[in-house]
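**Student:** At position 176 of the sequence shown (counting the first as 1) the number is 176 in UniProt numbering, and the numbers step up by one without a gap.
These are computed hints drawn from the structure, not numbers from a lab. All figures in this text were calculated on a predicted structure; none of them were measured in a lab. Idealized CB from N, CA, C, for every residue including glycine. Heads up, a few of these hints could be off.
[Stated by the list, open to error] Using C-beta positions, here's what the derived DEER-type ranges look like:
id, residue 1, residue 2, range
1, Gly53, His183, 36 to 46 Å
2, Leu169, Arg194, 31 to 41 Å
3, Pro62, Gly20, 17 to 27 Å
4, Ala156, Gly59, 39 to 49 Å
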Amino acid sequence: MTGRRFPPGDVVVRREVLRGEVWFGCPTICVEDSADLLALYLPPGAEFGFPEGGTFPCGRHPWQTAGHTAWSGHGKLMLQRPGEAHSVDVFWSGEDRAFAGWYFNLQDPFRRTPIGVDTLDHELDLWWPAGADRYVWKDVEMFAQRLTEGRYPGMADAIRGEGDRIAALLDVGRRWWDEGWAHWRPDPSWDGPRLPAGWDTVPC
Numbered sequence: 001m002t003g004r005r006f007p008p009g010d011v012v013v014r015r016e017v018l019r020g021e022v023w024f025g026c027p028t029i030c031v032e033d034s035a036d037l038l039a040l041y042l043p044p045g046a047e048f049g050f051p052e053g054g055t056f057p058c059g060r061h062p063w064q065t066a067g068h069t070a071w072s073g074h075g076k077l078m079l080q081r082p083g084e085a086h087s088v089d090v091f092w093s094g095e096d097r098a099f100a101g102w103y104f105n106l107q108d109p110f111r112r113t114p115i116g117v118d119t120l121d122h123e124l125d126l127w128w129p130a131g132a133d134r135y136v137w138k139d140v141e142m143f144a145q146r147l148t149e150g151r152y153p154g155m156a157d158a159i160r161g162e163g164d165r166i167a168a169l170l171d172v173g174r175r176w177w178d179e180g181w182a183h184w185r186p187d188p189s190w191d192g193p194r195l196p197a198g199w200d201t202v203p204c
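Produce the entire structure from the sequences given, and follow the hints as far as they go.
**Tutor:** Below, the structure is given as structure tokens:
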């Protein structure tokens with residue numbers, strides 16, 4: 001399904017779709033939506049949504065089972081290029097909102113919907129803390145567990161391959177995103193948005 005472009009400040013519903021079912025949703029705020037970049041901000045207090053109905057052969061979303069209902073902390077900025085199976089997420093920490101690092105989140109390439117974008121988190125990630133000499137892999141054991149649960153049928157090699165591709169680029173000093181985003185600050189008027197009615201019934 002093809003969706004529209006979003007102007008800055010609009011609410012963009014980011015959903016995770018697992019085996020054809022909407023599994024999770026959260027409202028983000030559009031920072032930039034251009035031909036080359038979709039930048040979405042997940043602010044503190046953004047509501048998490050979990051559909052009531054569905055078969056969910058791999059179980060409920062782990063954030064639902066853990067009782068998480070909203071995003072906390074400083075919020076994060078998600079930088080995504082069309083067609084790529086990852087986002088570069090920007091994190092901050094502390095009262096002075098200092099840059100904390102780059103998080104390379106492996107996921108399905110985003111697909112537009114009338115209310116936002118659909119994707120699926122792939123569990124396996126890389127994290128490069130601010131000031132560190134090198135990145136570290138994240139959730140390697142959890143990714144292996146998710147494979148045994150059947151969450152990513154036929155996708156294991158592609159997911160690992162995307163992680164290896166990112167690692168290889170970082171190893172040779174490639175930076176395919178604008179590092180100036182580390183200094184970006186959200187509009188102070190942006191409060192924690194809520195999901196619109198029917199967010200989980202819009203076709204995938």
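**Student:** If you check the beta carbons of Ala156 and Gly59, does the distance land in 39 to 49 Å?
**Tutor:** About 19 Å separates the Cβ atoms of Ala156 and Gly59, which means 39 to 49 Å is violated.
**Student:** Kindly confirm whether 36 to 46 Å is satisfied by the beta carbon distance between Gly53 and His183.
**Tutor:** Since Gly53 and His183 have Cβ atoms about 43 Å apart, the given range 36 to 46 Å holds.
**Student:** Using the Cβ atoms, figure out if Leu169 sits within 31 to 41 Å of Arg194.
**Tutor:** Given about 37 Å between the Cβ atoms, the range holds.
**Student:** Indicate whether the distance between the beta carbons of Pro62 and Gly20 respects the range 17 to 27 Å.
**Tutor:** holds, 19 Å
Comparing the model with each earlier hint shows a violation of hint 4 alone; every other hint is respected.
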